[in-house]
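Listed below, chain by chain, are the residues.
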Amino acid sequence: MLNSLFSGDFPRSRVLTAMLIITFVGLLLTPFIFPGARAMNVGAKICIFIVLVAAFDLMLGYTGILSFAHTMFFGIGAYGVAIACDKLGPDWSSVLIGMGAGMVISAVIALVISLFSLRVRTLYFAMITLAVASAFHILCSQLGEVTGGEDGINFMVPDLIHPSTQLAEPFFGVEITGQIVAYYGLFVFALVVFLFILRVVNSPFGRVLQAIRDNEFRAAAIGYRVVVFRSISTVLGSVIAALAGSLLALWLRYNGPGSTLGFDIMMDILLIVVIGGMATMYGSVIGAAIYLIAQNYLQDLLKLVQADVEGIPVISGMLHPDRWLLWMGLAFIICVYYFPWGIVGKLRMRALGIK
Amino acid sequence: MNQPTPSHHPVLETRGLTVRFGGHVAVNSVSCAFHAGSLTAIVGPNGAGKTTYFNLISGQIPTTAGEVFLFGENISKLPTPSRTRRGIGRAFQLTNLFPFLTVQENVRIAVQARAGMGLDLFSLWSNHRELLEKAEYILEQVALTSQRYTQARALPHGDQRKLEVGLMLALEPEVFMFDEPTAGMSVDEVPVILDLIKKIKEQGNKTLLLVEHKMDVVRELADRIIVLHNGTLVADGEPEEVIASPIVQEAYLGAAPDKSKGTR
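So the protein lines, in turn, are chains G and C.
Residue numbering for the first sequence follows my numbering, starting at 369 and increasing by one per position.
Residue numbering for the second sequence follows my numbering, starting at 167 and increasing by one per position.
Please keep in mind that the hints were generated in silico from the structure rather than gathered at the bench.
Warning: the hint list may mix true and false statements.
To be verified - Quick look at which bits of chain G chain C covers, simulated, 3 or more residues with Cβ under 8 Å: (1) 372-379; (2) 579-588.
What the hints assert, rightly or not - Far from chain G, by Cβ distances over 10 Å, these chain C residues were calculated: (3) G203; (4) E306; (5) S352; (6) V356; (7) D382.
Even glycine gets a Cβ: it sits at the ideal position worked out from N, Cα and C.
Kindly produce the complete structure, drawing on both the sequences and the hints.
This is the structure in structure tokens:
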């Protein structure tokens, strides 16, 4: 049972298992242990980024495809839901239509990009996707009538997941609003999609992807049509990115270029993959949790610390809350230096006794 | 064209096979047929076009002119994976493995390619016992059982060569192409590979091609030798007679007769 749930791919390290359980329980209980909109917002973002990054790692870590268009698909999914709910009204059918349309459009675009450019080398593919994604970003910022331009689209969602909906009596002192429902919907969705990706990478197909990543030439020589496998991996990764985008739009009840298409989000994805560890699905979980918590709370931490060092000339300046990005950058450099295979990669290697 | 092929028809045949790289003709109109149950050694000095000839047969590089036939079917325009699935197996001269997969996974990925199960996205890799057992059987044949959980990149050179051959065995091909299978192996490892080649040959229905520099190995295994020189087929016949011929004596013992055409 557990074996098929986790697709036989267990953490294989006690420390990692503990970290995963903490993350899981933390996300599960966020609305109850950390009351307030902000914590729940971070929790929801972690769930979404786990899926988004896992899909990216399916392509990068398992297949060796570097696509800078991942945020484009994230955006397509988000715009799908936003536009559908905005134009067709806030009910579940528009949500489904928006999600479905986003996923289908993503699949088609991903397939076209794959077939045209996966024959070329990794770097050229990366550049082609970068160009397409930039063009899409500009297009969305300009097409004001459809996408709301730079301002994006604020839209209504079905009542069940709207924050102002009161659903039940307070439970453990927490009011059960539509936001709680939305949070748990998101949580379950993310969990199921994550387990699905875990299954794909541990299927016979997933091993072929790894073989192609390792040695494309030999994979073809033993009879695998490399382009077909790469295309499927790209399409799957992109469709899941679109799904993650739909979830984000539903959660924020908003979508605009800044929330899904920006290059800073692409950077976030890359950093999470590197911190968590490539070619380990659990890396996306640990990476997303650590990175997003740091991104959202490092500034507050610095505020607390700075109060204690007030007046000490250099240190006070360095620990100023506005310097949080500096510390984030340093942490990243240290992480890459000491864990070139990411946190999960490192833990697994240590557990397996590989130096 | 596609009538069933009687057994006296060749399994593999090249007709006027040619490839030109710029002005350099690497393989020059080589016509040759290979029959089931035979082992043909391809010899010639470095740069004679032996590996290039292999590349043309297994599809790694496109031909300039000429055709390759497998069981009477023209496969000249097919991409490599299609040729492999039709029965052409190849072990490479330069070891060509999946470095980050384990030894067992390397063989299994090839077993799975043979079984045509690559596009199965939802079952568990570890649940396919039959594929695993077959992989284990092949590991036994190439004497790598004890290394099954080692990553391929961590294997010593000799073991990587054995795994290289193991990957081809896993494909259960009709045509086995060995490109210097024992190159760089230690003396005590060589017999493992030679015995394997003999065993495949003894099955009687497989076609074997062997590129090899060691004349003692060629003498021991080959039924027939063809000699390539500057991309041209210059001799073809019984091992003893070819080895004794002036062209081989010259190529291996004396200076190559025409150096101006250059080597690769």
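**Asked** Which of the stated hints cannot be reconciled with the structure, identified by number in ascending sequence?
**Response** Of the numbered hints given earlier, the structure breaks none, since each of them holds.
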